[in-house]
Amino acid sequence: MIRHLIKNNMKLMFRNPANLFLFIAGPLLVLSVLSSAFSSLLESYEKQEPFTVGYRLAEGSFYAAGMETLKTVAKEADVTFEEYPEGEPKELMDSHDFKVFVDFQEETCVIWKREDAKVEGQTVEYLLNTYVLEADRGKLKFMTAMAGQGNPLPSAGESMEEEAMDNPPQEEFSLDLRRPEFMPAINSTDYYGIVEVVYFGWCALVCAAGILGNEKKYGIRKKYQVAGMSQLQVYLGRLIPMFLVVLICEAIAAVISATILDVHWGDFLQSAVVMILMVLAASAFELMLYALTDSMVLSIILSFSIVWVWGFFGGTFETYIFSSAPKQLKLLSPIYYGNRALTELSCMGHSDFVVSSLLVSAGMVIGCSALAVLFGMARKRG
135 MIRHLIKNNM
145 KLMFRNPANL
155 FLFIAGPLLV
165 LSVLSSAFSS
175 LLESYEKQEP
185 FTVGYRLAEG
195 SFYAAGMETL
205 KTVAKEADVT
215 FEEYPEGEPK
225 ELMDSHDFKV
235 FVDFQEETCV
245 IWKREDAKVE
255 GQTVEYLLNT
265 YVLEADRGKL
275 KFMTAMAGQG
285 NPLPSAGESM
295 EEEAMDNPPQ
305 EEFSLDLRRP
315 EFMPAINSTD
325 YYGIVEVVYF
335 GWCALVCAAG
345 ILGNEKKYGI
355 RKKYQVAGMS
365 QLQVYLGRLI
375 PMFLVVLICE
385 AIAAVISATI
395 LDVHWGDFLQ
405 SAVVMILMVL
415 AASAFELMLY
425 ALTDSMVLSI
435 ILSFSIVWVW
445 GFFGGTFETY
455 IFSSAPKQLK
465 LLSPIYYGNR
475 ALTELSCMGH
485 SDFVVSSLLV
495 SAGMVIGCSA
505 LAVLFGMARK
515 RG
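Residue numbers in the sequence shown follow the numbering used here, run continuously in steps of one, and reach 516 at the last position.
Some hints here could point you the wrong way.
[What the hints assert, rightly or not] Calculated cross-link-like contacts (lysine-lysine; reagent style DSSO-like; alpha-carbon spacing at most 27 Å):
id	residue 1	residue 2
1	141	357
2	252	514
3	247	205
4	247	209
5	141	461
6	247	357
Since the hints were made in silico from the structure, they are not lab data.
Computed from a predicted model, the values in this text were never measured in an experiment.
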């Protein structure tokens, strides 16, 4: 009996042209608009390339003692320091095509940078700030060591810097430089080609709206009871065809986006598993809302509202990369896990969010399915 119910429901869903338009054409149309609108924004999200910094070091400069350490650490961050003792900074920048030039004076330094080199300038500022912080810590350790050994501290007219230069510390100078993980750039076509397919998959209730409405309108539920079908069988007779139809339509949209729009989906197996479980989770969640409300209109309103909020914080409209929303809110959205897993698979080939997405989706399938069956049983008894 349940096999016939699944087969018939699938036929009815595929015959509805609105389903084909929504789940195939819908994502393609929206991704075309958003990818064009946000193309310049995502193109600016690029990893910093190695660059060279010119510098001039004044005689007796505070920076002289640790200059070699600074250059070594900077090299690890793909920044090369080259010394030019003669010439004006602006002229040297023009003649050697430097984006940044540093003039190390006796106690201070001046950073020259071009208007189009904000990232490079911030990198050099970070390096120099780290240098100064570590140098100050080194001086403090040096003065503490002197006091502990019974040596006199600098007099009122003698600065700490002068004392430190006259009696340099024996410890090797080091910089605590930290480099955060960087996600490679992803273009707007790849990003929105993925996240819009995901988003429309979460609107799965529309696919079964006609069938569920007719069940209530024509009293088909009573026929299920006469046929001896359990509430679980009735639920699976709705869930499975709804899930399969949405999944097939979304797969067609993904294939079209990959072949015609050149969207890169990354690792096929992992992306497919993430997408399959998300569509199943969406179907179970929306059938749970329908079982709770027993009203198609109210269920669609609730579904669209909740999914829109999840999409807003999950990166469907504004990319989660540039979103200013707190990460705690993003983590409350199941769409965020899927979007991040799929986009990272696209641009990096791997993602730590694959497992998280699978666990969240699986948890929703189990929890929402159990609630949907319980709500159906309670309404049947009432």
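Q: Compare the distance between the alpha carbons of residue 247 and residue 357 with 27 Å, and conclude whether the hinted pair is satisfied.
A: violated, 77 Å
Measure nothing beyond the straight line between the CA atoms of residue 141 and residue 357; if it is 27 Å or shorter, mark the hint as holding. holds, 17 Å
inquiry  = With the threshold set at 27 Å, check whether the alpha-carbon distance from residue 252 to residue 514 stays at or below it.
reply    = Violated, at about 65 Å.
Assess, step by step, whether the Cα of residue 247 is no farther than 27 Å from the Cα of residue 209, and give holds or violated. Holds, at roughly 19 Å.
- Query: CA of residue 141 to CA of residue 461, is that 27 Å or under?
  - Reply: Given that 27 Å is the threshold and the Cα spacing comes to 42 Å, the pair is violated.
(message) Between the alpha carbons of residue 247 and residue 205, is the straight-line distance 27 Å or under?
(response) Holds - the C-alpha atoms of residue 205 and residue 247 are around 18 Å apart, at most 27 Å.
Hint compliance for this structure: hints 2, 5 and 6 are not met, and every other hint is.
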